[in-house]
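Visitor: Each residue of the sequence shown is one higher than the last, beginning at 1201 in our numbering.
Derived DEER-like restraints, expressed as beta-carbon distance ranges:
(1) Arg1298 - Arg1561: 45 to 53 Å
(2) Asp1564 - Ser1297: 42 to 50 Å
(3) Lys1566 - Ser1281: 30 to 38 Å
(4) Asn1343 - Arg1537: 20 to 28 Å
(5) Glu1447 - Pro1550: 33 to 41 Å
(6) Asp1535 - Pro1262: 16 to 24 Å
If you are wondering where the hints come from, they were derived from the structure by calculation, not from laboratory data. Keep in mind it's a predicted model, so treat the numbers as computed, not measured. C-beta atoms are modelled at their ideal positions from N, C-alpha and C, and glycine is treated no differently.
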Amino acid sequence: MRDGLLHRRGWLLGLLLLLCVPRPAQAQPDDLSAWVALPPETLRGWRVEATAQRILITHEQPPTPQLPAREVLVLLTVAQSSLNWILEGMLPVLRNSRVRVDLTLYKLGTGREEQERMLALADSGQFDLIVAMGSDATRFLYNRFGNQPTPVVALCKAPELWLGFEEGASQQAKPDNMAFVSLSLSPDVQLHYLQELLGPLKVLTVVYDRRNQSTVEVEAEAMRRLSARDGFQLLELAVEGKRGAEETLSEQLPRMARAMRQIDPGGRHSLFWVTTSSAVYDELERIDRYSEGIPVLGSVREAVREGNASAVMSIGVPFKSAGQLGARYMLEVLDSRLPASRLPMGVISPPDLAIHLRRARQLDIKLPFHFLEQASSLYDLDGRLVRQDGQPAVSAPAASP
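Using the sequences and the hints given, assemble the complete structure.
Guide: So this is what it looks like as structure tokens:
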């Protein structure tokens, strides 16, 4: 009975705090060329032509009769850093493939006229493949372009949860022309790692962007389900897009930390969970600053970074690796006569771990040795990157703390 009262008290406390969250307006940049910023190494071998409405990424070498260009339309819906990381993984795979691929990137707006124009473009027959980048674009094509002749590869979070089919379902359960690559990891797997690291959880605060529909439907809802099943207290901190994140986090994080300390005074079985909302993980330094000694962990690789303002560990799917897998699916669909739905859902396994040894030591967190063996990215006791993508990394000398 006492545990039940505590659960209700924790949930009401989180709800009261959420009522204080402001709802500022948010606008996406109109200039599409501002959405993409890639390093020179990623663009090696490519020619880029960017305007406010369209971005063309084509091979520097012209097509030949033996190797004609395969045209791919990429639909984007939001300007966020994850887009660039996905492209960083995708372009090198496409550059070195046996199939020549040219990309045309367009923004899929929210207005009816703009969406109808993109639908007509997808249905024009000038593209060999459509790529949906993100959950909003996936939902649009799923509802409006399913079972059309042109195949679709969709990269989004846990599509089986919000599109209404089971993971591993046959092609009859999905549009015949669609293949999916998941940008998220099973929450049960993430919870297993969290409990192995911190022991039985007492309280977890999930930080997410309320405007990011897939994050709400997939990640926040999953934590609610796991909290009800496993009995730990769940608090929620929601921001309303990038514009209001700074103010909301600065105001609400200290309150959340104090509420968590009331439930778990030692803070040994508590954590802030950073979701894959770019409005959240782009504010990682602020979250770390106001966490008041409670560990910060996340589901996005980019939450672990050099220096001292970092999450202790991330457990998830790195966007760069997801881009690499997405590129392989694109090539498989372009090189096959079978329906795209014949491809199983693309899932990266085992989970990608990024670990920050300095933050773990500062918070007196004991890391299981097999975590260190599994980690693809590792930051040493000085906060320097010493392992990247499973390989030794060269990092600049760390500044004195």
